[in-house]
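Visitor: In case you want the letters, here they are:
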Amino acid sequence: MSHPSKASEFLQDAAKAKWHDETLWFVRDKRDNISKTIPEWEELRELASQIKDNVLANLETYLVEFEKNAKANNIHVHWAKDAEEHNQMVLSILNEHRCKAIVKSKSILTEECHLNPFLEENGVEVVDTDLGERIVQFLNQPPSHIVLPAIHLKKRDISELFHEKLQTEKGNEDPAYLTHAARLHLREKFLGAKVAITGVNFGVAETGEFVVCTNEGNADMGVHLADIHIACMGVEKIIPRRKDLGVFLRLLARSATGQPITNYNSHFRSPAPGKEIHIVLVDNGRTDQLAREKFKNSLKCIRCGACMNTCPIYRRSGGYSYGSVVPGPIGSILSPGLDVKKYSTLPFASTLCGSCTDVCPVKINIHEQLYEWRQEITKAQGTNTKSISMKIANGIFAVPFAYKISGAMMRGALKILPDSITYSGLNTWGKQRDLPETPKETFKDWYKKNRT
Amino acid sequence: MSSRENILTKIKAIPRENSLLPEIPSFEFPMDHKAAFILSIQANKGEVIAESELKDFIAINRFEKILNLAKGMESLSTQPLPSDAHELNELEVAIIQGQFGVAENGAIWLTDENLGLRALPFITEHLVIVLEEKSLVSNMHEAYQRIGAQHSGFGLFIAGPSKTADIEQSLVIGAHGAKSLKVVLTNL
Ligand code: SF4
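Just so you know, the sequences run in chain order A and B.
Heads up: the first sequence at position 213 corresponds to 1222 in the working numbering, and the numbers run straight through without jumps.
Heads up: the second sequence at position 145 corresponds to 380 in the working numbering, and the numbers run straight through without jumps.
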């Protein structure tokens, strides 16, 4: 299904859509405020971008160095060319240890590989331990945002869900009460798990260590109580030096949620006595993206989610309307690389306002790549709906009278339409756009009055 | 061809312009380290307290399961470090020694040497970190300079208690790990 049709589903609950929009804008605002307290913010973004450029230019060298150092630290290193091989690899480690239940912390890569359904089909119970992820897992849904997995849900939804799944009091919507219930439920899972799976935020070539950042502490609760830690890592997560972490850890949480750093930033270098650490290095389309000159920069992404929080389309259409594991602006340039046909509407789900590019901590030219994908897709598809809408616009501009009338009508309409209508599913125009302040007079009127 | 070879060969075959790895400059930090550190910890929903306040905290709450690994706090300990981390599930207070703190964000560096068991700062109900005031550094660049080539199997920056905002963005402290973080700054 295309982005526009899914977006209109999301917009059917107007109040919720409005809340979603405002809440993500609030997170964006926090990011702005905290970035302004760092005088060297722009310099840090430039450094992060240059480090990542260097990584992409020398990826094979850094991967080999990382592997060598990790092995020297008694870490098992595996390579997987695609999702299937990754899933098989994880399963074989579990089988080897006769493990039938695992705990897992946030990992977008394992979502991308559809690891959960695969393991479940093979008789393994998977418990996502990030609170937001556990909530969506109970609902059999994927996360709708890479940092805030349950941002599409209201506390009433979660209260009902927990009443059913965790026997919480009916109607109790207090977030502290609900979180506490999840704490008790997940504590049991942590204590019982033999294997814990995590994602990886950064892998350091120089030392062979890798870093995992969380606020909840769920990744650490899992791995330190389990005997075996499996870390799933996209090949692009490599950084050259330990000191590069200084740059990235300063940028990541500030960009993601407007906090100065995540509360837990764990550096895994070798297993504790008697335990095992496995790293699975995964390609799954990344080398293909690297070979696309125009789109390879998308691999610099550190998954902070800032481009989603700022995106006027994402905020007003919700993560599910993208139908891809990574939604939002960055998802719209990564996903067509995986399947251009399936994701052909995503690069059009953008105003090309460039706000994503402005907030991106590693300076990915997101909106330019969206534009590039549009060219590619249009070329591949020939005449499409976009060109039809261009024809309509051409028609209006070609007849000055029609242009004046429609402008005046729109200015009138914007003033009288309440949010309930502009956010409703009826109005396709209001679906994805906030209404601008309506000017009292047209530019033409203004010009007539003010020209000398 | 193994997947390893497959991936590496594929990457090698992609023509790419080289791009230089930048040096990371040191950035000035205009604030007093201690004042900034205290503000940062508070912003992260932790607390900086005096040693006497720690004793009050334990007395008022009548904590009985306390494990201390910090210098000079031995008298507070009620139990030794077990060999299996699962036995820490009922632990009420863990007191550990931090290596240094970072003024800009309140992060405190700990390694295996300080933790005894890696699960300790997570599984405990309340976490206390003892930190020497003179150990404070300005920002994360200075932090990694200070870590340098230090080799530990596990290293960790902790900046606050376990927290989540996954239910309607309302902040809740005590998601899975410690429900509070208290930092005792010492001045030896
Ligand atoms: S593209 Fe940039 S802003 Fe978007 S998630 Fe990735 S790093 Fe963050």
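Read the hints as simulated data drawn from the structure, not as lab findings.
Here the structure is a predicted model, which means the values were calculated and not measured.
There's no promise every hint is true.
Said to hold, decoys possible - Straight line, CA to CA, 27 Å or less: simulated DSS-like cross-link-like pairs of lysine-lysine:
(1) Lys1351/A / Lys1388/A
(2) Lys414/B / Lys1039/A
(3) Lys1077/A / Lys1309/A
(4) Lys1174/A / Lys414/B
(5) Lys290/B / Lys1077/A
Visitor: Going straight from one Cα to the other, do Lys1174/A and Lys414/B come out at no more than 27 Å?
Guide: 24 Å, holds
Visitor: Straight-line Cα separation of Lys1077/A and Lys1309/A no greater than 27 Å?
Guide: Given that 27 Å is the threshold and the Cα spacing comes to 23 Å, the pair holds.
Visitor: Decide if the proposed pair is consistent with the structure: Lys1351/A and Lys1388/A, CA atoms, cutoff 27 Å inclusive.
Guide: 16 Å, holds
Visitor: For the pair supplied as a hint, Lys414/B and Lys1039/A, is the alpha-carbon distance within the 27 Å limit?
Guide: 24 Å, holds
Visitor: Taking 27 Å as the top limit, are the C-alpha atoms of Lys290/B and Lys1077/A close enough?
Guide: 48 Å, violated
Checked against the numbered hints given earlier, this structure breaks only hint 5.
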